[in-house]
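Engineer: Quick mapping for you: the protein sequence lines, in order, are chains W and Z.
Just so you know, we're using the working numbering here: the first sequence kicks off at 1 and counts up by one.
Just so you know, we're using the working numbering here: the second sequence kicks off at 112 and counts up by one.
Derived by calculation from the structure, the hints in this document are not laboratory data.
All of these numbers come straight from a predicted model, not from anything done at the bench.
Certain hints may be false.
[Unchecked claim] Here are some chain W residues the structure puts well away from chain Z; computed CB gaps all over 10 Å: (1) S56; (2) I57; (3) G58; (4) N59; (5) Q60; (6) Y61; (7) S63; (8) L76.
[As the list claims (entries may be wrong)] Which bits of chain Z does chain W cover? Going by a derived footprint, with three or more residues having C-beta under 8 Å, they are: (9) 214 to 228; (10) 234 to 241.
All residues carry an ideal CB built from backbone N, CA and C; glycine is no exception.
In case you want the letters, here they are:
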Amino acid sequence: MRKTLVATIAIVIFLVVLIPFASSNPDGLEKVAITYGGQEHQSLWNGIMADYSFFSIGNQYISTLLAGIFGVLAVLVAGLVISKVMASTHKNTKKTPAIHEELKSQQVTTD
Amino acid sequence: MHISDGLILNNTSIVLAVIMWILSISILAWSWKKAQQTYTRSITALLAISSAFVFAAQMINFPIAFGTSGHLVGGTFLAVLLGPYAAILSMTLVLGMQALFFADGGIVAFGMNMFNMAIIGGLSYFLIKALTRKNSDQKWFMSSVFIASWISVMLGAVITSFEIAPAFSGGLAVTLPSMLLLHGLIGVGEGAITTVLVTSIQRLNPTIIGGLSLLKGRTDKI
Numbered sequence: 001m002r003k004t005l006v007a008t009i010a011i012v013i014f015l016v017v018l019i020p021f022a023s024s025n026p027d028g029l030e031k032v033a034i035t036y037g038g039q040e041h042q043s044l045w046n047g048i049m050a051d052y053s054f055f056s057i058g059n060q061y062i063s064t065l066l067a068g069i070f071g072v073l074a075v076l077v078a079g080l081v082i083s084k085v086m087a088s089t090h091k092n093t094k095k096t097p098a099i100h101e102e103l104k105s106q107q108v109t110t111d
Numbered sequence: 112m113h114i115s116d117g118l119i120l121n122n123t124s125i126v127l128a129v130i131m132w133i134l135s136i137s138i139l140a141w142s143w144k145k146a147q148q149t150y151t152r153s154i155t156a157l158l159a160i161s162s163a164f165v166f167a168a169q170m171i172n173f174p175i176a177f178g179t180s181g182h183l184v185g186g187t188f189l190a191v192l193l194g195p196y197a198a199i200l201s202m203t204l205v206l207g208m209q210a211l212f213f214a215d216g217g218i219v220a221f222g223m224n225m226f227n228m229a230i231i232g233g234l235s236y237f238l239i240k241a242l243t244r245k246n247s248d249q250k251w252f253m254s255s256v257f258i259a260s261w262i263s264v265m266l267g268a269v270i271t272s273f274e275i276a277p278a279f280s281g282g283l284a285v286t287l288p289s290m291l292l293l294h295g296l297i298g299v300g301e302g303a304i305t306t307v308l309v310t311s312i313q314r315l316n317p318t319i320i321g322g323l324s325l326l327k328g329r330t331d332k333i
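Pulled out of the complex, with its shape left as it was, chain W reads as follows (with noise of 0.2 Å):
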């Protein structure tokens, strides 16, 4: 648990840090779509913090670093929240011979 406080914290100084060295070019496949002239259609789902940026925050650096973390943070838990379950239902299988023995050889290498 302290390792990913740590590395979160870690991961919040990299957008801190990094945020204002960030292009704002349009990507490869935007700048396609510009050049072009592909067709736009309305989109379905406009998201809530649309181009990253966080609510009616007017400055833009905080407003992207706000929506950065919210992100950060939304992964994260749904990355713990995916571990969790995959682990629970690990060892329900666990009892199966054939991959109790895959997991015998696993721990001997990992080891």
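Add chain Z to chain W, keeping to what the hints say.
Structural biologist: Frame of chain W; chain Z shown alone:
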């Protein structure tokens, strides 16, 4: 390389989008099963942390030529770190949050984006594995990581070109060459960043790496 719904809401692309949804979800289910079988405790926090990092890294666009930028996709990075199956889950998670909250990549286009970035990225693991089968020294391993990163971006760009072609009056003749040109450059960034990340993780925490997928596979075959 995130396809927005705006670009694919035409009759041809919608059909393709539905097919890609079905295909990608099937592959996701398969990955889940495989990841579960090869699950090790050491992956628990790592999956969450590396996904969160890739999300953050994708926000930092680097400039390439022609007033265009690119950003790390991170599929190959995750594949090296987590193995192919968990990497597909991890990248799907990142793309899901981007589509849901930030409208970065569409909802209808989600199956396409999953295939182009999560699945191709995760499967690039097997390319590195194939390349390093005979020669496993560190330099060649890193070169293989670079090559696999570049190819994963290019392959994603090729498939994207087909998927978005109906939105352009010039069709594939316009989308394919321009996507390849720009992503040929973006892929170099992808390769460089991925190699630096893998090298630093190897140096910083060889024990974490030691228990994991590809880097582990180099010393004792999985």
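Engineer: Which hint numbers doesn't this structure obey?
Structural biologist: 8, 10
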